[in-house]
Amino acid sequence: MDIFNQLLGGFATAATPINLLWALAGCALGTAIGVLPGLGPAVTVAMLLPITGQVEPTASMIFFAGIYYGAMYGGSTTSILLNTPGETGTMVTALEGFKMAKSGRAGAALATSAIGSFVAGTIATVLVTLFAPLLADFAVQLGPPEYFCLMLLAFTTVSAVLGQSSLRGLTALFLGLAMGLVGIDQITGQVRYTGGVLEFMDGIEVVLVAVGLFAVTEALYNALYEGRNPSTLNRMTRAHMTRTEWRRSWPAWLRGTAIGFPFGTIPAGGSEIPTFLSYATERKLAAPEHQAEFGGAGAIEGVAGPEAANNAAVTATLVPLLTLGIPTSVTAAILLSALQNYGIQAGPQLFQTSSTLVWALIASLYIGNVMLLVLNLPMVGLWVKLLRIPRAPLYAGILIFATVGVYGMRQSAFDLFLMYGLSLAGIAMRRFDFPIAPVIVGLILGPLAEAHLRNAIAIGEGSWLVFFQRPMSATLLAAVALVLITPRALAWHRRA
Amino acid sequence: MRADLSPAAEAVPGGSRTGQTLMGLAALGVAGVLAWGAAGLPSDAGYAGVGPDFLPWVVTVALAVCGALLLWEARTGGFRHMEIPSGAARGDWPAFAWVSAGVLGNAALITSIGFVLSCALCFALAVRGLRLSEGKPAGGALQAVRDAVTGIVIAAPTYWMFTKVLAVNLPGLTASGWI
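As you go down the protein sequences, you meet chains X and D in turn. Sequential numbering from 1 applies to the first sequence in UniProt numbering. Sequential numbering from 1 applies to the second sequence in UniProt numbering.
What the hints contain is simulated information worked out from the structure, not anything from laboratory work. Certain hints may be false.
Stated by the list, open to error - If you anchor each label on the Cβ, the simulated ranges turn out as follows:
{"no.": "1", "chain 1": "X", "residue 1": "Thr356", "chain 2": "D", "residue 2": "Val165", "range": "32 to 42 Å"}
{"no.": "2", "chain 1": "X", "residue 1": "Gly296", "chain 2": "D", "residue 2": "Gly172", "range": "55 to 65 Å"}
{"no.": "3", "chain 1": "D", "residue 1": "Val58", "chain 2": "X", "residue 2": "Gly143", "range": "17 to 27 Å"}
{"no.": "4", "chain 1": "D", "residue 1": "Val58", "chain 2": "X", "residue 2": "Gln291", "range": "13 to 23 Å"}
{"no.": "5", "chain 1": "D", "residue 1": "Val153", "chain 2": "X", "residue 2": "Met201", "range": "32 to 42 Å"}
{"no.": "6", "chain 1": "D", "residue 1": "Ala167", "chain 2": "X", "residue 2": "Ala287", "range": "36 to 46 Å"}
{"no.": "7", "chain 1": "X", "residue 1": "Gly143", "chain 2": "D", "residue 2": "Ala167", "range": "51 to 61 Å"}
{"no.": "8", "chain 1": "D", "residue 1": "Pro157", "chain 2": "X", "residue 2": "Ala478", "range": "47 to 57 Å"}
{"no.": "9", "chain 1": "D", "residue 1": "Ala138", "chain 2": "X", "residue 2": "Ala287", "range": "24 to 34 Å"}
{"no.": "10", "chain 1": "D", "residue 1": "Ala35", "chain 2": "X", "residue 2": "Ala481", "range": "20 to 30 Å"}
{"no.": "11", "chain 1": "X", "residue 1": "Ser231", "chain 2": "D", "residue 2": "Trp72", "range": "52 to 62 Å"}
{"no.": "12", "chain 1": "D", "residue 1": "Trp178", "chain 2": "X", "residue 2": "Gly381", "range": "55 to 65 Å"}
{"no.": "13", "chain 1": "X", "residue 1": "Phe414", "chain 2": "D", "residue 2": "Pro157", "range": "47 to 57 Å"}
Claimed, not checked - Some chain D residues close to chain X (C-beta under 8 Å, calculated; not the full set):
{"no.": "14", "residue": "Met23"}
{"no.": "15", "residue": "Leu28"}
{"no.": "16", "residue": "Val30"}
{"no.": "17", "residue": "Ala68"}
{"no.": "18", "residue": "Leu71"}
{"no.": "19", "residue": "Phe79"}
{"no.": "20", "residue": "Phe96"}
{"no.": "21", "residue": "Leu104"}
{"no.": "22", "residue": "Ser133"}
{"no.": "23", "residue": "Asn169"}
Since this is a predicted model, take the numbers as computed values, not measurements. We put the CB at the ideal spot given by N, CA and C, even for glycine.
Please model the complete structure; the sequences and the hints are all you need to start from.
In structure tokens form, the structure reads like this:
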């Protein structure tokens with residue numbers, strides 16, 4: 001009953017008019033940037049980080065979380081109507097959704113993805129409500145050695161499992177870690193890698209790196225390579241599902257949720273793997289008479305399942321973020337740095353020290369899901385209009401918002417030059433298929449991991465054996481080894 | 001598992017051997033800079049067990065290894081498991097130069113001419129480049145004025161919202177707070 005009371009308290013905070021307004025603003029902005037190509041939730045939240053100087057923490061976290069899952073709702077609209085997915089998490093939706101829209105069933109695809117997102121988001125929020133406090137209670141027992149190993153696991157999965165090549169993923173991770181080293185060492189006060197440049201003393205801002213590598217890179221990359229890419233917009237139809245479509249959708253929603261939620265809670269890098277898994281599952285389980293629709297006219301299960309998986313995974317990323325302070329996606333990493341801006345240390349203590357914030361945030365997820373269902377089902381036509389904004393002013397406009405975020409953070413024109421330099425690196429990385437997510441995760445988690453490493457060794461009185469002597473940290477280390485070795489062993493086995 | 005990079009594959013974006021070699025060298029270069037910086041750091045560990053130069057050396061060595069492996073992959077048939085990047089095989093460099101000029105001009109001028117004008121200039125230059133990249137005519141003086149006005153129409157309300165409502169500090173041309 002304790003959880004229930006706290007949740008009620010959360011609703012009381014989240015339902016104040018001002019916080020409801022923040023939630024609505026977040027959901028609407030999230031949907032808009034989800035629909036628009038070129039901007040993702042991570043970079044949008046990053047650009048808005050300067051507002052943490054003024055807005056109080058609860059309101060801004062509600063706002064940012066609204067952007068995060070609003071973008072997932074909006075991203076599916078683009079995936080279905082346009083032949084480019086709005087977000088990576090909605091890439092799979094494009095497989096069947098675009099085909100459905102092409103054969104005149106855009107409305108049904110939009111409906112199943114919006115309702116599926118709602119169902120999955122709500123179920124996942126219930127699971128977060130139930131499990132996050134339990135995990136937090138357990139996590140209080142974890143010490144620096146365990147935290148260091150958890151971060152090591154996050155580093156490994158985000159760089160070695162995701163993406164095409166572990167080598168390029170790890171290169172990206174170490175680049176991020178290297179950037180995280182710049183500035184004053186937290187423990188000894190030693191100045192590192194500033195090269196005598198005053199601007200580097202405070203370190204490299206996360207906003208700058210995220211905006212440079214995502215938003216500015218995107219604009220430059222578009223001008224450089226994608227000017228002549230044709231894009232076709234599918235015709236909208238009324239968002240509506242027949243009885244058969246309902247019957248085919250709901251088991252897919254539930255299966256998608258079951259697949260998506262666990263993946264969100266482990267540091268496996270967000271929603272790409274669960275959405276693909278859900279798609280494969282639906283394809284396998286579809287009734288024989290519907291099999292032909294996959295890859296043909298478009299099967300509704302192939303939209304319903306991955307959409308649900310995506311939203312469940314996104315909601316579930318809040319579990320490790322709030323209870324352990326470990327981000328499992330880029331957006332979660334940026335949310336973590338938003339908390340850091342407030343001087344709030346995410347971790348198991350958060351449920352005690354900032355319980356109002358945590359519970360208001362969880363309550364706002366319930367409210368936000370309802371808002372998003374309304375925004376994306378009856379009002380979907382409004383968002384579709386955004387797709388008619390011509391490409392050139394859209395990307396040029398993004399540059400203006402990039403300036404707000406980067407300059408607004410530290411009032412330094414130097415940062416704007418640095419942002420441009422990073423965007424050049426971003427173009428090269430994108431051209432040669434280096435993932436960006438590990439850079440961001442490395443940059444944000446690097447300094448934390450270093451602090452935990454040193455504290456852990458201090459606990460072990462200077463001995464590295466401390467990592468193997470404690471059962472939890474030894475288990476986590478074994479998991480890291482498994483993550484690194486299994487894919488190679490499998491590949492070797494297949495070749496042999 | 002070896003990616004087969006025949007001469008045809010060279011034309012694929014991201015398949016360029018020279019480019020891949022340069023990426024490997026860049027990683028090695030960053031490792032070099034890191035090593036140079038780490039060499040000057042004290043290793044005094046105190047109670048912490050490892051000193052402030054420990055992680056710098058770990059990252060240095062790791063990046064050097066990654067750089068060497070990238071270089072090796074690039075020279076022996078190209079990067080493995082490459083996903084072909086989106087877009088054309090050849091870059092549209094004039095378009096790129098216009099957008100770059102916008103971003104850099106903004107960085108150079110923002111403190112002297114203020115957020116609104118500087119961003120409007122950035123917008124006008126960038127939109128010109130992006131339009132060129134689509135193969136459309138960039139337009140004459142009239143179009144340039146129209147772009148600049150559009151830039152102001154976007155930048156000014158953004159400036160007001162962030163400075164007045166959200167109290168984010170952005171530079172103005174005057175002290176009035178409106179431009």
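How the hints compare with the structure:
1. Between Thr356 of chain X and Val165 of chain D the Cβ separation comes to about 24 Å, which falls outside the hinted range of 32 to 42 Å.
2. The hinted window of 55 to 65 Å between Gly296 of chain X and Gly172 of chain D holds, with their beta carbons roughly 58 Å apart.
3. Range check, Val58 of chain D to Gly143 of chain X: about 21 Å between beta-carbon atoms, so the 17 to 27 Å window is met.
4. Range check, Val58 of chain D to Gln291 of chain X: Cβ separation about 51 Å, and the 13 to 23 Å hint is violated.
5. Checked against the given bound of 32 to 42 Å, the beta carbons of Val153 of chain D and Met201 of chain X, roughly 38 Å apart, stay inside it.
6. Take Ala167 of chain D and Ala287 of chain X: their Cβ atoms lie about 57 Å apart, and the range 36 to 46 Å is violated.
7. Distance hint for Gly143 of chain X and Ala167 of chain D: a CB-CB separation of about 39 Å, inconsistent with the stated range 51 to 61 Å.
8. The hint said 47 to 57 Å for the Cβ distance between Pro157 of chain D and Ala478 of chain X, and at roughly 55 Å that hint holds.
9. In this structure, Ala138 of chain D and Ala287 of chain X break the distance hint of 24 to 34 Å, their C-beta atoms being roughly 55 Å apart.
10. Between Ala35 of chain D and Ala481 of chain X, the C-beta spacing of about 27 Å keeps the proposed range 20 to 30 Å intact.
11. Restraint check, Ser231 of chain X to Trp72 of chain D: a C-beta distance of roughly 39 Å breaks the suggested window 52 to 62 Å.
12. The hint said 55 to 65 Å for the Cβ distance between Trp178 of chain D and Gly381 of chain X, and at roughly 36 Å that hint is violated.
13. Under the hint 47 to 57 Å, the C-beta atoms of Phe414 of chain X and Pro157 of chain D, about 27 Å apart, miss the expected range.
14. This hint holds: Met23 of chain D has a C-beta 5 Å from the nearest C-beta of chain X, less than the 8 Å allowed.
15. Among the interface hints, the one on Leu28 of chain D is violated; its C-beta lies about 11 Å from the nearest C-beta in chain X, farther than the 8 Å criterion.
16. Below 8 Å, beta-carbon pairs count as interface contacts, and Val30 of chain D has one with chain X at about 7 Å; its hint therefore holds.
17. Annotation: Ala68 of chain D was flagged as interfacial toward chain X, and the flag is violated, the nearest CB pair being 10 Å apart, outside 8 Å.
18. The interface hint given for Leu71 of chain D is violated, since its Cβ lies 11 Å from the closest Cβ of chain X, which is over the 8 Å cut-off.
19. Taking 8 Å as the C-beta cut-off, the interface hint given for Phe79 of chain D holds, the closest approach to chain X being about 7 Å.
20. Annotation: interface hint on Phe96 of chain D holds; nearest CB of chain X at approximately 4 Å, less than 8 Å.
21. The interface hint given for Leu104 of chain D is met, as the beta carbon of that residue sits about 6 Å from the closest beta carbon of chain X, less than 8 Å.
22. Interface restraint check for Ser133 of chain D: the shortest CB-CB distance to chain X comes to about 3 Å, inside 8 Å, so the restraint holds.
23. The criterion of a C-beta within 8 Å of any C-beta in chain X is met by Asn169 of chain D, whose closest approach is roughly 5 Å, and the hint holds.
Of the numbered hints given earlier, the model fails hints 1, 4, 6, 7, 9, 11, 12, 13, 15, 17, 18; all others are met.
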